[in-house]
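Trainee: So the protein lines, in turn, are chains Z and U. Residues in the first sequence are numbered consecutively from 318, following the numbering used here. Residues in the second sequence are numbered consecutively from 100, following the numbering used here.
Source of the hints: derived by calculation from the structure; they are not laboratory data. For every residue, glycine included, the Cβ atom is placed at its ideal position computed from N, Cα and C. A portion of the hints provided could be inaccurate.
One-sided excerpt, in silico: chain Z residues whose CB lies under 7 angstroms from chain U [as the list claims (entries may be wrong)]:
(1) Y547
(2) L614
(3) S618
(4) A653
(5) I654
(6) V655
(7) G658
(8) R659
(9) G661
Distance windows between CB atoms, simulated [as the list claims (entries may be wrong)]:
(10) U:G136 - Z:S760: 29 to 39 angstroms
(11) U:I152 - Z:P421: 55 to 65 angstroms
(12) U:R200 - Z:L557: 51 to 61 angstroms
(13) Z:S760 - U:I185: 30 to 40 angstroms
(14) Z:G544 - U:I185: 24 to 34 angstroms
(15) Z:G538 - U:F110: 35 to 45 angstroms
(16) U:G136 - Z:L408: 51 to 61 angstroms
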Amino acid sequence: MTTGTRYWIAILAAVAGTGFWITGAWAQEALPMPVTPRVDSGDTAWVLASSALVLAMIMPGLALFYGGLVRSKNALGTIMQSVVILCLVSLIWVLFGYSLVFGPDRGGVIGGLAWAGLSGVGGEPHPRYGPTIPHVAFLVFQLMFAAFTPALITGAFAERMRFSALVLFAVLWSIFIYCPLAHWVWGGGWLRRLGALDFAGGAVVHISSGAAALACALALGRRRGYGTEYMAPHNLPLTLLGTGFLWFGWFGFNGGSALGANAVAGGAIVATHTAAATSALTWMFVEWLHRGKPTVLGVISGAVGGMAAITPGAGFVGPLWAIPIGFAAGSLSYVAIVWKGRIGYDDTLDVVGIHGIGGTVGILAVGLCASRLINPAGGDGLFFGNAGQLGIQAVTACAAAVFSFVGTSVILKLVNGLIGLRITSEEEAVGLDLSQHNERAYS
Amino acid sequence: MKLIESIIKPFKLDEVKDALLEIGIQGMTVTEVKGFGRQKGHKETYRGTEYTIEFVPKVKIEVAVADNQVQRVIETITRTARTGSIGDGKIFVRDLGEAVRIRTGETGESAL
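Here chain U stands alone, though its shape is the one from the complex (with noise of 0.2 angstroms):
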């Protein structure tokens, strides 16, 4: 199992978001949050004087899926939150332990 953490353009989230219940993921966790790459923000100017805004608003999506689902997930992410210029974002993918379904006490793969 893996945990795919995406951080794209809050503009591309229901895109993304549908693409991704497209090709069978059933459960997604989003979170609003700021930050910078390579970008280094943006600048706001105010009658000459320069504010640089480093951080910049931003959604993560978290996705935990079955391990052969991953290349397929990280594809369609890529392709649905790109739109070619700076700041599109990141993903990070990470090894997850074990998973538990609450209601049921179901684990791993099942779980998810």
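The following block holds chain Z by itself, in its conformation from the complex (with noise of 0.2 angstroms):
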């Protein structure tokens, strides 16, 4: 059997396994409906908008973030991974992954496929999933979720990745990790019964990429003369623009969340921007006490940080404490990246360093100071008298990661059994962009 076909073979496994997953007989329960849905022009706008800031973050955003910190060899093999990811994460979506996270529930675990190709999904807004909003404009902001979550994972595999393997990879990944995760979270599957809070992703998405990150980067191994070799970053002013995209779209991906043009909105933007700024400047005194020198690259890298831990508590915490959670971030993450380079993995662009911790702190920091005053539509932490909310993160922080990991190393070794992960020394030595794709960046 050739390596094409055991690849579409594998393909259609996933689709048909998932198939039979989902119709499977469990027990559906209904969740409380709110107000009675009725579209409002001004949400409508907002969350649409928000679709694209966040479709910016992924490209040109995440591109070029990870396009910059790479070497020049691999640029265009990685920013191919980002943008390939986001055109097919987008059809899965539409056709059924939409349905699979947020269609009816079926025993807390997955949602049906009632809702697969758009079926149901059109200009009349659903009562959770946004009121005052076409169902469809849901549909497409979460797209952009579903997709910018696999596209982060790459960072771990950078420069050594085949890209049929990242292909399935990516699809295998978005069926089995995202759409149960997401659902189990936000679609009213059992994390969210349990009263779990995560306003725009540190679980759905940070959590679950930086765990994900960490079982690439043992499963591929370390580059060829990781630590011998000179791989510093070949175009760090590349980098710096794709952190404005990212930070830019950053505003819609918490600030849409709130589902319309209101208070919680604008709360979430200011949050968002205040996280970025303090982790931002945090890692940059961090890393010029430690070190001698601050640096370009020690700023952005706390600034994504920052906002990839306010993720969760954007809608439910006051604007405020995105300083204490900003300086959590930027401090952990850049000692956690520190404390990689003395394990020695290489999870190369810093997935699990800079997501997987931001997503923690700021899951964690939803259970202590997450506030109903806020927003009324989530909760209370520790510090507002409900002790137990952090325990519930805790459950949600380890459930989002233990699944992601174990998940992501089943669908690693199948992949490397069907069509292998890494590309050859060879194509690693000539680089991603001639190797994978025959042309090449900078000529």
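Make one complex out of these two single chains by using the hints.
Mentor: Have a look at this one:
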């Protein structure tokens, strides 16, 4: 059997497997439905604009953020991964992914296929998923999150993943990891029923991609020449440009998660911006003290970590809580990355250190400083008299991390067996651009 | 005749060249080179990963001079290439067996 045939069999098996899984008989429970749905033009405009903002986080945001961090021979190959994942997940999402996450619940584990192919998802608002916006606007907003998350993971295996393996991995990861996990937290699954609070994806997006990144770094092993060859970023101004798009788009990521043009959206944006600034400065000062010089890469890494950390709480905590949250994210991410260097695993672009740590800090912080005064739809944390929330948040963080790590490891084994995860050492020496795509970024 | 090779900091090249022209040196050869001495290069840090860049960019100037000019040339280069900080470079002097001006066929010091 050729590699190509095995490849397509794997994709078909994945799709068929999902079908079996979700058509199983699970009891269905209804969550309480709030206010009567009615479309509001302002809310709709904001959510649609936010969808475009989050799109810019993937392309060009993440593509350039990662593209600038690799060596010049891998620039296009790295950019390609984010762009192609965006396209793949978009198709999965409109065909059946959205339904798996937000469709009618099956036993708290997964959504059914009732909404596959946009069936029943149109102009009428859904009472739970944005009662003042068309259901289809919610779908496209959530599509961007589904695409952003696997694209984040690509930083872990940068400069050494075979492109065909990447395509298969992204399809499987999106279906078998992202969809169930997002359902658990956002689609009325068991974590939501437990009371988990994750405003814009601290667990669903950042912890899940961070844990998956760790699995990838361990499964693929280090790059050739890691620790001996010069592997510095080839274009930090490009990385800065990408960070600019991430920062800009994050206003939609967190602000749009209010699902309306309202006070919660405003507070979420202030919190997001404040966390980014605090975390950037924290990283800068910590690095300055530790290494003697402040760096541009440090400042922008800190900003991204801070935004990852405020993501789960942006609409649940008062905006000034973003300062301690940003401080914790910036300092802990820095420590994690220094620690990575000592242990020697090659999470090439620090997805674990920035998104895994940021997301975990943020999810736990919600358990401390969330307040119903900020958002009645949220909850109270330990500081507001509800110690139990911290435990729920800890369970959420662990569940997301363990599920993503174990599931990703299984997927990687499968993909490795079918087509091989890594490019050959000769291809690695030549670089992704020429070996995988027959083109070069700079000629 | 001597061949004087000086490894200097690149930004000092113009100053050294002008000073050598002033004391009557008529020609020189310049090469961009990389190397290290006791300084052992410099360090770069990216998100906590440290790279030691051992080979630092330098400029090598080669000047062929008559024996009686040697001390003056060395003094001039030492004075102008010097910053006082680490990495200022080195001067090597070696004997030069012969020199030929290709256009005229002149040899020895008159070819310089």
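Trainee: The structure should be examined with respect to each hint, and the outcome stated for every one.
Mentor: So, going through the hints one by one against the coordinates:
{"no.": "1", "hint": "Y547", "result": "holds, 5 angstroms"}
{"no.": "2", "hint": "L614", "result": "holds, 6 angstroms"}
{"no.": "3", "hint": "S618", "result": "holds, 6 angstroms"}
{"no.": "4", "hint": "A653", "result": "violated, 9 angstroms"}
{"no.": "5", "hint": "I654", "result": "holds, 5 angstroms"}
{"no.": "6", "hint": "V655", "result": "holds, 5 angstroms"}
{"no.": "7", "hint": "G658", "result": "holds, 5 angstroms"}
{"no.": "8", "hint": "R659", "result": "violated, 10 angstroms"}
{"no.": "9", "hint": "G661", "result": "violated, 11 angstroms"}
{"no.": "10", "hint": "U:G136 - Z:S760: 29 to 39 angstroms", "result": "holds, 36 angstroms"}
{"no.": "11", "hint": "U:I152 - Z:P421: 55 to 65 angstroms", "result": "holds, 59 angstroms"}
{"no.": "12", "hint": "U:R200 - Z:L557: 51 to 61 angstroms", "result": "holds, 54 angstroms"}
{"no.": "13", "hint": "Z:S760 - U:I185: 30 to 40 angstroms", "result": "holds, 38 angstroms"}
{"no.": "14", "hint": "Z:G544 - U:I185: 24 to 34 angstroms", "result": "holds, 27 angstroms"}
{"no.": "15", "hint": "Z:G538 - U:F110: 35 to 45 angstroms", "result": "holds, 43 angstroms"}
{"no.": "16", "hint": "U:G136 - Z:L408: 51 to 61 angstroms", "result": "holds, 59 angstroms"}
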